[in-house]
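Model the full structure from these sequences, guided by the hints.
If you want the building blocks of each chain, they are given just below.
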Amino acid sequence: MATIIIEVMPKRELLDPAGKAVHRSLLRDGNNSFTDVRIGKRFELSVEGAVTDVHLDKARAIAEELLSNGVIEDVVDIRVEDKN
Amino acid sequence: MRVGVVTFPGSLDDRDALRAVRLAGHTPVALWHEDHDLKDVDALVLPGGFSYGDYLRCGAIAARSPIMVDIVDAIGKGLPVLGICNGFQILMEAGVLPGGLIGNDHGQFICRDQELVVENTHTRWTAGFGDHQHITIPLKNGEGGYIADGETLKRVEGEGLVVFRYVGVNPNGSLHDIAGLRNEAGTVVGLMPHPEHAVEEGFGPDTNQAMRNGTDGLTFFTSLALEAVLR
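Protein chains in written order, with the working numbering: chain B, 1 to 84; chain Z, 85 to 315.
The hints are simulated quantities; they were obtained by calculation from the structure and are not laboratory data.
Accuracy of the hints is not assured; some may be wrong.
What the hints assert, rightly or not - The calculated lysine-lysine pairs, modelled on DSS-like cross-linking and capped at a C-alpha distance of 27 Å, are: (1) K161(Z) x K123(Z); (2) K20(B) x K224(Z); (3) K11(B) x K224(Z).
No experiment lies behind these values; they were computed from the predicted model shown.
Written out as structure tokens, the structure reads:
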């Protein structure tokens, strides 16, 4: 079985309130070495057998049309991970 | 008029919207997200709530419901549609209104009686207001921050698509204090605050006259009958 990994992040220029809250929590705990935290999403699409180009094309389309909203997010990575 | 209210899994304010429709003198019609049937309504409301638990993104899954195909088609033919809160998010995810809504900048859910200024009365849902009238209706959301890229913002402002702006407090970090938008035709309006919760004395926001007697939200629904003012 193989898995297609799709990663989506909020756009750089936008405020990420969830990431900001986590960053504030880090600072409160004395972790001063991290200057920022941003939170995104990871989707795992599993397929039977090997990932084909058809799968990947479909995954790219789904990533743009459903899994992300281009107004507020970017698809930052689509890759294949084999699972044994 | 027959005014429909769509119920999605996780809709919360569909019953209040149906009630508001009735108090405004219209016939309320319950619609179901899985149907391809708008039941011959003359207008419809996409109500507030947390459709699909806000999974993926607020309104994203509801925007791809069976009934939304029919609604987007009907909007193209001039059907008046009001999107409230989650309904506003659904209209954006469906590509009907421009921009996006993200988490409130302060990171908290907020619930308050919110003052707004009516920026545009040339819509099917705001025709009964005066120009720049100030109104107060409840606001309750966690993800109500309006954002759009520079070009979209310029278009939204330039074409007069802003229908409501927050007054006094900007409760969620919305750009340009934008609380609600319309489409070019003025048939579709979406906003984060909740007009359906301010339609009956005794159950609305406080006013200077008495507690809980604010009914500014009722004008949204009575405006529907005022077609002549549209440009």
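Worksheet item: Which of the listed hints are not met by the structure?
Response: none
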